[in-house]
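Undergrad: Could you put the whole structure together from the sequences, leaning on the hints where they help?
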Amino acid sequence: MRSHLLNDTTTEHYRRSVTEGVERVAAKLAATDRPFTGVTADDLAPRIDAIDLDRPLGDTTAVLDELEDVYLRDAVYFHHPRYLAHLNCPVVIPAVLGEAVLSAVNSSLDTWDQSAGGTLIERKLVDWTAARIGLGPAADGVFTSGGTQSNLQALLLAREETKTQDLGRLRVFASEVSHFSVQKSAKLLGLGPDAVVVVPADHDKRMQTVALAHELERCAEAGLIPMAVVATAGTTDFGSIDPLPEIAGLCEQYGAWMHVDAAYGCGLLASLKYRHRIDGIERADSVTVDYHKSFFQPVSSSAVLVRDAATLRHATYHAEYLNPRRMVTERIPNQVDKSLQTTRRFDALKLWMTLRVMGADGIGALFDEVCDLAAEGWKLLAADPRFDVVVEPSLSTLVFRYVPAAVTDPAEIDRANLYARKALFASGDAVVAGTKVSGRHYLKFTLLNPETTTADITAVLDLIAGHAEQYLGESLDRAC
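Residue numbering for the sequence shown follows this note's numbering, starting at -4 and increasing by one per position.
Check before you lean on any hint, since a few could be wrong.
[Claimed, not checked] Here are the simulated EDC-like pairs of lysine to aspartate or glutamate, each with C-alpha atoms no more than 20 Å apart in a straight line:
1. K23 with E63
2. K119 with E277
3. K374 with D451
4. K268 with E446
5. K417 with E464
6. K119 with D105
7. K23 with E469
8. K23 with D424
9. K431 with D404
10. K374 with E387
It is worth saying that the hints were derived from the structure and are not from the lab.
TA: Right, here's the structure in full:
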């Protein structure tokens, strides 16, 4: 079994195995003509259940053959131009190369004596991102597993900066379309059930600053503490961007920590055309970025950035076996001093490789393409009488629903849209997402693939309409 350990004596085995795996994936990508096969859990589960994990196959080729049957054949392929569902981007090749390198070397980014150069590369990328945001010379941050962890850490810092032990008095303000991790973080941080104050959004799905000002004033009058305001730069459902300058002003007025959840909208940091849409982000106390959403990186690659590096001390714990306090005076750079995680992958390498091969402008140009595509898609939807589109996109998301001319019952229209989404997924021809708007079911395109065209959008809209019409026709037949 030692022959399977990666070391100086097994490099040829490593090279052959990885090459065979890469060739399988490359062949699969080249042959994939739709984003999904339509397989159901009932179809796939027996194949996986039948595998006896206590009887290894012992051969890489045999295992890859088996993997084709239980995973590769039926995976959802985000690289396909008709995958239009969630915030999953196609990935760039330099980042995939970085993934291969970091997995093989297997650095852990918690302490210097486990990562050395990896620590400095991550710190360099944190500095680069903070500079792109404009947080100032005292900024710092750390890579995380994703936006949920980044938001949790930011709100932890905000909680500690209030310097109060009376957690029941703390309030967090977020719009009605902010990410669910705000509520989850409040619960994990021990805040009360009323801690998150939901601020209504306007017609464009942006936080209403007049309503925010009203809620902050109510908070002050009640003797409560405005712990944080969470502004969103790219909401999950709509891609909407809250009015950051106005929110920053209110945070300064009421002494609230300003956190910007830019997990989705961080691609604008590299944009050549649309950077101005997140003006005001530089006034934040903390910012969440997900490179694995709009920087075309493999999952996971995220970070939380802070204006004042000193606030990261609230996540610091010194363990004698790992990062004893003396290391601080010895100026040994241990990233675990800033992180909620201990063992942590060198995910920063993927972004490093991408920037060194493509440059920031290369990433920004790709993100600009999908923003431009969304603008064209909105025009198509707005001009198509079969569909109702909710809001003009700020990023690359379109929320809409099929509205048949002959049906007026909103519940029946809901069912037609739900059916269309499920039928489309089952066909494998395209994958779209869904959400609710004012209690009604809508469909969603999240456009993150520069290879997607307006022709793809038009074709998928026709498929949706066809499935919805089929459902309504069958529904009418049943009613008769």
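Undergrad: Now, for every hint given, state plainly whether the structure supports it.
TA: Status of each hint after checking the structure:
1. K23 with E63: Between K23 and E63 the Cα gap is close to 9 Å, so the pair holds against 20 Å.
2. K119 with E277: 19 Å, holds
3. K374 with D451: 14 Å, holds
4. K268 with E446: 19 Å, holds
5. K417 with E464: Distance of about 14 Å is within 20 Å: holds.
6. K119 with D105: 16 Å, holds
7. K23 with E469: 37 Å, violated
8. K23 with D424: 17 Å, holds
9. K431 with D404: Holds: K431 and D404 sit about 16 Å apart, inside 20 Å.
10. K374 with E387: Distance ~9 Å between K374 and E387 Cα, so the pair holds.
The structure shown violates just one earlier hint, number 7.
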